[in-house]
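Engineer: Given next are the chains, with one letter for each unit.
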Amino acid sequence: MPCDTAVDALDLVKTYPGGRGRPDVRALDGLTLTIPAGTVHGLLGPNGAGKSTTTKVLTTLSRATSGSARVAGHDVVDEAAAVRRAIGYVSQGTGADPLLTPRENLVMAARLRGLSRSASADRASTLVDRFGLTEFADRGAAKLSGGTRRKLDVALGLVGTPSVLFLDEPTTGLDPEARSAMWAEIRRLAGEDELTVVLTTHYLEEADRLADGLTIVDRGRVVAAGSPESLKATLSGDTLSVELVEPDADLVRSIASDVALLRDVSVHVEGPTGRLVARTSDGPAAVGAVIAALQAAGIRHGAVGVSRPTLDDVYLAHAGRSWTSSDAAAKELAR
Amino acid sequence: MSTTWITETSQVTRRWTIDGIRQPWGLGVAIIQPVIWLLLFGNVFSSVATVPGFGADDYMTFLVPGILMMTVLYSGAWAGTGFIDDINSGVMDRMLTSPVHRSSLVAGQLVQQLAICFVQGLCVLGIGWLAGASYEGGPLGLLVALAASLLLAAAFCSLSAAVALLARDQTALIGISTIIVLPATFLSTALMPASLLPAWVQTVAQYNPLTWAVEIARTAMSPSVDWSLVATRSLWLAALAAVVAWWSVRAMRTYQRSL
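Heads up: the sequence lines are chains Y and X, in that order. All residue numbers for the first sequence refer to numbering that gives the first Met the number 0, where the first residue is 0 and numbers rise by one. All residue numbers for the second sequence refer to numbering that gives the first Met the number 0, where the first residue is 0 and numbers rise by one.
Hints in this document: simulated from the structure, not taken from any laboratory. Mixed in with the good hints there might be a few duds.
[Stated by the list, open to error] No farther apart than 20 Å at their CA atoms in a straight line, the calculated lysine to any residue pairs in the SDA-like style are these:
no. : chain 1 : residue 1 : chain 2 : residue 2
1   : Y       : LYS142    : X       : GLY19
2   : Y       : LYS142    : X       : ILE17
3   : Y       : LYS142    : X       : ILE35
4   : Y       : LYS142    : X       : ASP84
5   : Y       : LYS231    : Y       : PRO308
6   : Y       : LYS142    : X       : GLY89
From just these sequences and the hints, can you work out the full model?
Structural biologist: And the structure:
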């Protein structure tokens, strides 16, 4: 049933018992989220930020400790059955039975959603064609490659012709080729009428490329929301970053803060290396000034770079820590 | 019981059946195990029948009902492993976010497990007959025995499913099954008549569902059937199966609440 808002979550809190006397884990800490219908929305955050928990609450899999949420116009607790009829969910694991073939998986999913035998067979064939699974359709799902299996997972999510499709980390673990194939698939889905795609990811590039709207989540809270462009636009000027070797964070911070061209100075230390990040309205001049200041203080440094704002910078500005330090896995993709 | 519920449940049963058929070694073991037991116990303990006070003159005839019930007990204890695989793979999450009834997920798997137990039961009766057991109770007696085995199986499959959904760990399930199943076997009249058991074991055995099922089968397969024994023990088994089945559906909800 079409309605303007696909997801409307208000002040979601989810705590898990800590166990053995440890304090409770607060996975969601007052998360509020609105997703307009017909868009691709990215929930972006490092591992453990609360993205998957949010998805579980919105798909009725898990129940929030407090707060409320409506998906496709239905309350996720009071009208859970209606929500389930309106959504598709692709979890981080596979949704497919490895002992059944892709076609059998699709037919069974359709039958479980109340389609007749012939309608289920038709639906399965349509999805097999659409996801290019024809040559694999009648082989055991266990033998599929990672990328093909993920396509099957997404196809399974679409069996019930949902109005909201949740994709939890759809490309994690895929090789670059399979990842770009999946991106093409998701973009194609987004072009379809009425379908809202809610995707969680910890890949900044994925969010940047696919999402119409983004919610950046950190420690169970929303730290920023908007389109990728508008989020980046909130950061004026360029990003300056300096690689550091065995830095004294406080010293570097105080020296850099004295450089007039820099603002929003932060220093991140990871083991023996570190990074100074700051914003500047005059990149080239700031590079000279910061190198001179560091050298005058006898601080060893590596490469110095200036770049346009990235989502990494947006995350840093809002979450107060660098993406790369929060999530090493995203490092190579986050440039 | 709506038609939707029946369709869902039969689809779930179908899925587990296909899974089972595609793992033929699992089915093979399920069939071979009771055969080995029957022949092994039948030979090793055959002289028990000569002990004064045994009460029957042929150990194989005495043993078949015991092995029948032991078989479904051991089989049932593993029933929950499929749920743990589903939890680990993500299939469970997909099921739980679809409009499928939780009770269909549990019932559909139970039906498939009972079908396996039924086939196992037929094999036990067949091999027992070949090994020389006599079935004086006729076809009706065999049917009653099989029905009793399915009631016992329903209780233990549900127990295993509930434990699987609560513990969500293969090792825990194996551990709990072992702790329950082996003592349950020896604290029953499956292998030895009550009169030859130590007094305290006799007392415990009275409350053991395995004993109830064995008693039903033994009397039903004997020339003079004690129908009141069949009725009371069946009632107890059915009540137990109903309670544990209800608990396994609850366990599905408990699992979901833990997410």
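Engineer: Evaluate each hint against the coordinates.
Structural biologist: Evaluation of the provided hints:
no.: 1; hint: Y:LYS142 <-> X:GLY19; result: holds (18 Å)
no.: 2; hint: Y:LYS142 <-> X:ILE17; result: holds (17 Å)
no.: 3; hint: Y:LYS142 <-> X:ILE35; result: violated (35 Å)
no.: 4; hint: Y:LYS142 <-> X:ASP84; result: holds (17 Å)
no.: 5; hint: Y:LYS231 <-> Y:PRO308; result: holds (6 Å)
no.: 6; hint: Y:LYS142 <-> X:GLY89; result: holds (17 Å)
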